[in-house]
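Chains as they are written, first to last, in this note's numbering: chain A, 1 to 260; chain B, 261 to 831.
Calculated from the structure, these hints are not laboratory results. Computed from a predicted model, the values in this text were never measured in an experiment. Glycine included, every Cβ here is placed at the ideal spot set by N, Cα and C. Relax, there's no trap hidden among the hints.
For the chain B half of the interface with chain A, some residues (derived, Cβ under 7 Å), not all of them:
{"hint": "1", "residue": "420"}
{"hint": "2", "residue": "421"}
{"hint": "3", "residue": "424"}
{"hint": "4", "residue": "436"}
{"hint": "5", "residue": "439"}
{"hint": "6", "residue": "475"}
{"hint": "7", "residue": "484"}
{"hint": "8", "residue": "488"}
{"hint": "9", "residue": "490"}
{"hint": "10", "residue": "503"}
Straight line, CA to CA, 30 Å or less: simulated DSS-like cross-link-like pairs of lysine-lysine:
{"hint": "11", "chain 1": "A", "residue 1": "74", "chain 2": "B", "residue 2": "508"}
{"hint": "12", "chain 1": "A", "residue 1": "178", "chain 2": "B", "residue 2": "388"}
{"hint": "13", "chain 1": "A", "residue 1": "41", "chain 2": "A", "residue 2": "115"}
{"hint": "14", "chain 1": "B", "residue 1": "508", "chain 2": "A", "residue 2": "170"}
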Amino acid sequence: MKSYLLASLTILLVCCYVGTVFAADSDAGDMEMLVFPENYKAMAVNDGGTISGVVKFEGDVPEKKALEITKDEKVCGADEKFDESLVVGEGNALKNTIVYLIDISAGKDFDKDAKVEIDQKGCKFTPHIQIVPIGARLTMLNSDKIMHNVHIFSKINKPVNKAQPKARRKMPLKAVKKAEGPVEVKCDVHGWMSAWISYVPHPYFAVTNEKGEFTLENVPAGEYKLGYWHEACGTNSKAPVAVTVEAAGTVTQDFTLKLK
Amino acid sequence: MRIRTVALLIILFGMLVVLSLTYAQNAPEASEKGKQVYENSCAHCHGVEGRGDGSAAENLLPKPRDFTRGLYKIRSTETGQLPTDQDLFDIITEGMPGSSMPPWETALSANDRWEVTAYIKTFYDGFKEAETPPKQISLSGKVANSEQSVETGKALYSELGCVECHGNIGRGDGTSAPDLTDEWGDQSWPANLTQGWNFRGGSDTEDIFKRFVGGLAGSAMPAFEGDSFPGFGLTAEESSRMIELDNKDEMTEAEEEESAQLYEKYDAAVDIALNLAEGTELSAEEKQIYDDAMKVVYEKSWHLANYVKSLMPEKRPEPAIGNNVLRSQYVQGELPEMDDAAWGTLEASYFPLVGQVVIEPRQFNPTVDAVNVKSYYSDTEVAFLFIWDDRTHTTDETDEETGKILEDALAVQFPVKVPQGPTAPKPYFLWGGRLPVYLWHWKASAPEQVTELTAKGISNAEVQEAQGELKAQGTYTEGQYKLWVKRALKTDDKKDLQLDPGVFVPIAFSAWDGANGDVDTKRVMTSWYTFVLEPVPSSKRFVYPPLIALLSVGFLFGLRAFVQRRNSEEV
Chain A
1 MKSYLLASLT
11 ILLVCCYVGT
21 VFAADSDAGD
31 MEMLVFPENY
41 KAMAVNDGGT
51 ISGVVKFEGD
61 VPEKKALEIT
71 KDEKVCGADE
81 KFDESLVVGE
91 GNALKNTIVY
101 LIDISAGKDF
111 DKDAKVEIDQ
121 KGCKFTPHIQ
131 IVPIGARLTM
141 LNSDKIMHNV
151 HIFSKINKPV
161 NKAQPKARRK
171 MPLKAVKKAE
181 GPVEVKCDVH
191 GWMSAWISYV
201 PHPYFAVTNE
211 KGEFTLENVP
221 AGEYKLGYWH
231 EACGTNSKAP
241 VAVTVEAAGT
251 VTQDFTLKLK
Chain B
261 MRIRTVALLI
271 ILFGMLVVLS
281 LTYAQNAPEA
291 SEKGKQVYEN
301 SCAHCHGVEG
311 RGDGSAAENL
321 LPKPRDFTRG
331 LYKIRSTETG
341 QLPTDQDLFD
351 IITEGMPGSS
361 MPPWETALSA
371 NDRWEVTAYI
381 KTFYDGFKEA
391 ETPPKQISLS
401 GKVANSEQSV
411 ETGKALYSEL
421 GCVECHGNIG
431 RGDGTSAPDL
441 TDEWGDQSWP
451 ANLTQGWNFR
461 GGSDTEDIFK
471 RFVGGLAGSA
481 MPAFEGDSFP
491 GFGLTAEESS
501 RMIELDNKDE
511 MTEAEEEESA
521 QLYEKYDAAV
531 DIALNLAEGT
541 ELSAEEKQIY
551 DDAMKVVYEK
561 SWHLANYVKS
571 LMPEKRPEPA
581 IGNNVLRSQY
591 VQGELPEMDD
601 AAWGTLEASY
611 FPLVGQVVIE
621 PRQFNPTVDA
631 VNVKSYYSDT
641 EVAFLFIWDD
651 RTHTTDETDE
661 ETGKILEDAL
671 AVQFPVKVPQ
681 GPTAPKPYFL
691 WGGRLPVYLW
701 HWKASAPEQV
711 TELTAKGISN
721 AEVQEAQGEL
731 KAQGTYTEGQ
741 YKLWVKRALK
751 TDDKKDLQLD
761 PGVFVPIAFS
771 AWDGANGDVD
781 TKRVMTSWYT
791 FVLEPVPSSK
801 RFVYPPLIAL
811 LSVGFLFGLR
821 AFVQRRNSEE
831 V
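Model the full assembly from the supplied sequences, consistent with the hints where possible.
Following this line, the structure appears as structure tokens:
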């Protein structure tokens, strides 16, 4: 009997220990990821409000890092390329930040006409950040007429590593079912090429432009948590900002981010 | 009528059950036994929790697989699909050549291998969650190997872009090769397609076919599945016409129209392929379009597989022992220069290299497979041609960790004095010890120069004061080094080896691949082999048979002596 108890206790302890290890692990991972609502319902939105703002960078702006072009010089090296993990514009405007609603459960549907594409042009992915609705096909364009391969480092969905031979101008990819992101897209053939995609369950995602601006439109009135993600500056998933949207109203919410 | 329908239904149902059972019963349920096998035989590499982080993992490249992601390279299944149980069982049985994953065929019973197959599946929930068996790559419609097929495959090899990573003639030296990493960020060298024996998943034409159709999940090697082929859904003529139009700077109106039509057909076929992949039922008409498209793609894929197969010898060459001992051939007068056609007519002797793992720093992950050697000699001189594959041409790169200069190099090792008789001891194979060795050291940064060294240990080598009149010439093309060296048979230097026809001389090699971090003792090497200046034909008849006998005996004694020597020197 005693040994039985002892054994149970040990097992319990081991479980607790393993549990904490797992929790710690997944925590660290989640910090880098977007947060999605469990069930999102699309509905007609009347009198929706707008959330907009500007994302700025705080701190010493590191010098732009030129990418080393190691092959296909003619196509890839026509213009100088820079690392896009941190693009800071005039007035410290921070490009390529995802700003999104964390906890929305119902709202507008996706814009079905929006093109979900990434072009491979001059051996660079454009855009650097792409939002992909779940159930939609991401189309990879190859404007370069040289070989690329599309390597998507998904962890929740199946990773993709698919060749896009030079004569393959346009290659749609199978739609995925689960929300996930951001995950990196790389081309192994040209190791410097990098982009990020997010498979999302609702359309309230924006990516900041050169001026650091973002807009989320047609948001049903209500209170929301506003999150951001930036490749080099991280997320605010732990402490998102609360915003209140009024019918047909406009809320402004700016962010200032530092390197993580 | 009703009864017949019911009976039919019952039979169908029964068939379904049997079908699903055959799938489910491939591997047994995960059991205590499987766990035990795993923990005894696999965990020190793959980690107790299957994360690829066992105690031995640190030094290995490729790293032992992390089983928690469900990424498997060697599958009979399509890209994005899990492997079948049989796939897992087979790879566990056969191991993964060119990596540290051992074959378990003899060490574990078939039963244990099935148990451990079931157990490793528990590390990834995807196996449990899968609703349908993984989709297997169809091997039907195989195209027989023929010159024509190989020729067609060759064109596809560059059209599809294999060349970018695997290089023009497949030696793994493509322009993208040095920068490839795997899913976990570790260096991932593209396979040298001329060395099928180092393929992880076998080098039969079917194996090759499955590898590029399905891709090697978790590595940089992409899948070249159906709809990634240019012109999917088009006939061969339509497909080349489409590419032709694409490449025009300007199109006439008629051409624009034609191009648009081709694209329409092609987009429709791709759409069908994606629908299928996403799980949509296809109509009969769609299925026909899809099947037709796949037929064209698969035919091309078989041509490509035939081409890749044609790049490698039928099997790994035999090492240079027994009948394959390196025999320098006698020629009268001048020895052939490096580019002389005379080299082409000689069989090479094959010296497999292994990582040096005796002395720190060690090399656990060799990238140079072997050195191939040919030799001629005349009345006064001997010439060698050393040939070895290296994916990168590295002449001076600084090692980030140690600050040392990394570069490709080769060393040829002889004893200073040929052991007199079969029982006489040879120097320790790791660059000598009490008995010194005589070395030729060549570096890629000075391709016309060979330095003579004398060494009494792997870290105890000295450049000879008197450098003899060695001639050398080295080249690097298409992922392969060729080094030509010529020396007089006899020299005045006591520290040099002196050569006589008919005498069996120990020979050994070291090679460094700078891009693989090889420097100093971190290198690949051989132990002692033998070479001989083959006596001139007239005397051959008389010298040959006794020599062979002598050699065999000598080899055995030599081996014993070597082991004793090594034991005594290591104390």
